[in-house]
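A.B. asks: Below, each chain spelled out in residue letters.
Number of protein chains: 2
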Amino acid sequence: MLNSELGASYEDKTQTSKRLFHKATKVFAGGINHNIRFFKPYPFFSKWAKGKNLCDVDDNEYTDYWMGHWSLILGHSPRTVVNALSQQLRNGTLYGTANHISLELGELIQKLMPGAENLRFSSTGSEATMYAVRLARAKSNKRVIAKIIGGWHGFNTTLMQSVNYPFNKQEGAGLVAEEEQFVESLPFNDLDSSIKILESAIDDLAGIILEPILGGAGCITPDLGYIKGLQEFAQKNDILLILDEIVTGFRLSIGGASQKYNLKPDLFTLGKIVGGGMPIGIVCGKKEVMSLADPVLIKENQARCNIGGGTYSCNPMSMAAGLATINYLNKNMDEIYQKINDLGAKARAGLAKIFKEAKIDVQVTGEGSLFLTHFLNNKVRSISNAADVAMSDLGLLHRYHLGLITLHQIFFLPLKMGAISSVHTEGDITHLLEATRLLVNSGILSSEKDS
Amino acid sequence: MLNSELGASYEDKTQTSKRLFHKATKVFAGGINHNIRFFKPYPFFSKWAKGKNLCDVDDNEYTDYWMGHWSLILGHSPRTVVNALSQQLRNGTLYGTANHISLELGELIQKLMPGAENLRFSSTGSEATMYAVRLARAKSNKRVIAKIIGGWHGFNTTLMQSVNYPFNKQEGAGLVAEEEQFVESLPFNDLDSSIKILESAIDDLAGIILEPILGGAGCITPDLGYIKGLQEFAQKNDILLILDEIVTGFRLSIGGASQKYNLKPDLFTLGKIVGGGMPIGIVCGKKEVMSLADPVLIKENQARCNIGGGTYSCNPMSMAAGLATINYLNKNMDEIYQKINDLGAKARAGLAKIFKEAKIDVQVTGEGSLFLTHFLNNKVRSISNAADVAMSDLGLLHRYHLGLITLHQIFFLPLKMGAISSVHTEGDITHLLEATRLLVNSGILSSEKDS
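Keeping their order, the protein sequence lines are chains A and B. Using my numbering, read the first sequence as starting at 1 and increasing by one per residue. Using my numbering, read the second sequence as starting at 1 and increasing by one per residue.
Heads up, a few of these hints could be off.
List of simulated lysine to aspartate or glutamate pairs, EDC-like, C-alpha gap at most 20 Å [said to hold, decoys possible]:
(1) B/Lys-18 <-> A/Glu-107
(2) A/Lys-23 <-> B/Glu-117
(3) B/Lys-23 <-> A/Glu-288
(4) B/Lys-26 <-> A/Glu-107
(5) B/Lys-346 <-> B/Glu-357
(6) B/Lys-26 <-> A/Glu-288
(7) A/Lys-23 <-> B/Glu-288
(8) A/Lys-18 <-> B/Glu-104
(9) A/Lys-228 <-> A/Glu-180
Chain B side only, calculated, beta carbon under 8 Å to chain A, not exhaustive [what the hints assert, rightly or not]:
(10) Leu-20
(11) Val-57
(12) Gly-96
(13) Arg-120
(14) Thr-124
(15) Gly-125
(16) Gly-172
(17) Gly-310
Bear in mind the hints are in silico, worked out from the structure with no lab data behind them. Using N, Cα and C, we set each Cβ at its ideal position, and we do this for glycine too.
Produce the complete structure using the sequences and hints provided.
C.D. replies: What follows is the structure in structure tokens.
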């Protein structure tokens, strides 16, 4: 099957989505509400999701590995979350006041992630990382934040740098060069180069922010020495280490990457899983840093680090869904993490084997329940940072993911990593492997095909 | 009753909240998740909310005029929203994909607010205004954004300027002076001074952002000539007018302030009401501007204006709650706006009369269903901008609001304006007026008392 035939087959199966997408282009810029959600020829429209399944408006049911931007570790609409939200719904969706559910969730997070000496709820991850940067600058009274090349911390203006290839160019129109002078970018997994860049900025260096696993940039795992090296540098030079655990928090373990890798960040951010499918972002960390934001302690507006908050912060729906999810994870942690990590390992090993046998040059990256397949080529022989992913054969990856969607009812958001939830089964992974084998055998993943 | 007695009486009635707040100070910086939600001696914790009522953990039931940061125009948990969310909950809370509910809501907004030629959903108002600024800079290829002194557009870094008195000082630690050089601040309702400031920045002026009614700064209504004058200046000089309708959208009329005042902004932002009590932000506007964000049309990352989006953008829960709310408003608009505006007028007139008779120098500001009482003094004789509010007797306003909470079971977030919903009644306003009269008669609102 040629790529053009694959596209036609997708269109055949998604006629209602095609019509809706055409309408959507007259309402939304590009027809979508998040750039990464567009894929060629057009994205399908979802109608319902339950457990591991996502169903589009043409009644195609997919096994979902996108799982709400990797948020839904218990699958779509797990009973515990549905029950909690059903009850909360009748008790109000938005108090705009303090509430005891947020206190319960906050205390539970403190217990499971002892680094969260203090925390504040916001409504999105973009907000949480923005506040973390603000806190680091307030604490250090310095300005420069170092981030990772390809690192993704949401759409906030400060950290919208070196996200997409070519990484040294501005991330699009409307950003002001003068606002970008206080961000430095580090090559992931290259400690020597990173330390050199940090040292060159040391006089004005406030902190380093990084995802322990590069998520949006392509599911790239860290050399542990790299993160430890950055942590050591931060400690030695009295700059703040901010760990962005929005993806890895409650994913790599109940204590996130901090627990798994034994890291001690000054600040860290949470989101996704901790909201149980509802909007959330959290900035957490040392009390001595977080207390800079305390409006009771620091009465003068100028002296305080003013972080949000917002209309929806600690709204009872997000709190109830998050609390139900984290309570469930806490009670069933051994079983759940064992299961999803085993399925992840099985997926990575199985995929690697299939491609190797077919002599298609692939590297399957990931850890625990996260994984992504990279198609290598003459330009890149292995994946250890975002530049490697940018150089890999993304056309082939798109074709692979579109093939899974169209021919095998398996949904990865094209180009993005997959996340296994507690409701995925061994049979699902077997199906994924079998589907991959069939796609490989069909010849569709040979790079000689039209693209 | 002295102010200290009032505080003691509040503490008597809110013993459980007192205990929870003490615990909360060990979890959250300042014990709260949004600075404005703290009030002295400590904020109560909410347990449930239904219709016009908010109930705290000590079973005190309040008539609520805070109404979820003024979001809940149909009251807490209206049946139409509860039904829509109950159904959606079982169909999934977070697809992470395109969905037809967002398309329906988007098309409905386009119909009711024709200026929304194109739009994009985000998850908070702070995000929406941040994206509006980015779009204005991209469109104009200029950098300076003018905002109003006291204007509040959320916690995003760019617009965190001249929000709090003293307005010419930095809004707290952790903000970088160099990032602030491209914002100019204008005195509300002073057209001559504002035009002078705009003219001085004209070479690099991208746009003007303003709330039609200053909300967080104190419910300050515009001289219509002021907004029209800014609009005329923007049109004449080819700079963008951004109307922040997060509070006024679907509040002042079904078409917001744009419709009521006949304004033609290039961009505008929505939030609050349009989310039906669930997290939302929207940036809307002219197609020629919004299309700069179109990733299908503009393939090159650097050429595009990259706006969000985010994990939760157009999530089906927010979309379902918003759609139910706006559909209900659309079907019942004559009745609802007539009712809430009449109640607002009755409240403003009644409050002004009571204070006048008591010879307490007060100005009740607001329009439609929004209102706030300002206590004047020797420093300020009338309220027309944020500096006037900052100079007014805020201690007395706090005492008035705490008195309503403690002695009359009426909740305004202390210092903040109130919003009337469709479930408030004539009897509620009568109760508010009667309670105010009793507070006045008690002598608690005489500025000679201890504070």
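A.B. asks: Confirm or reject each hint.
C.D. replies: Status of each hint after checking the structure:
1. B/Lys-18 <-> A/Glu-107: holds (17 Å)
2. A/Lys-23 <-> B/Glu-117: holds (13 Å)
3. B/Lys-23 <-> A/Glu-288: holds (18 Å)
4. B/Lys-26 <-> A/Glu-107: holds (9 Å)
5. B/Lys-346 <-> B/Glu-357: holds (16 Å)
6. B/Lys-26 <-> A/Glu-288: The given pair, whose Cα atoms are some 12 Å apart, holds under the 20 Å limit.
7. A/Lys-23 <-> B/Glu-288: holds (18 Å)
8. A/Lys-18 <-> B/Glu-104: holds (16 Å)
9. A/Lys-228 <-> A/Glu-180: violated (27 Å)
10. Leu-20: Given a least distance of 6 Å, the restraint on B/Leu-20 holds.
11. Val-57: Hint on B/Val-57: holds, closest Cβ of chain A at ~6 Å, below 8 Å.
12. Gly-96: Holds, because the Cβ-Cβ distance from B/Gly-96 to chain A comes to roughly 4 Å (cut-off 8 Å).
13. Arg-120: Status holds, d = 6 Å.
14. Thr-124: Because about 5 Å separates B/Thr-124 from the closest Cβ in chain A, which is inside the 8 Å limit, the hint holds.
15. Gly-125: holds (6 Å)
16. Gly-172: At 4 Å from the nearest chain A Cβ, B/Gly-172 passes the 8 Å test, so the hint holds.
17. Gly-310: holds (5 Å)
The structure shown violates just one earlier hint, number 9.
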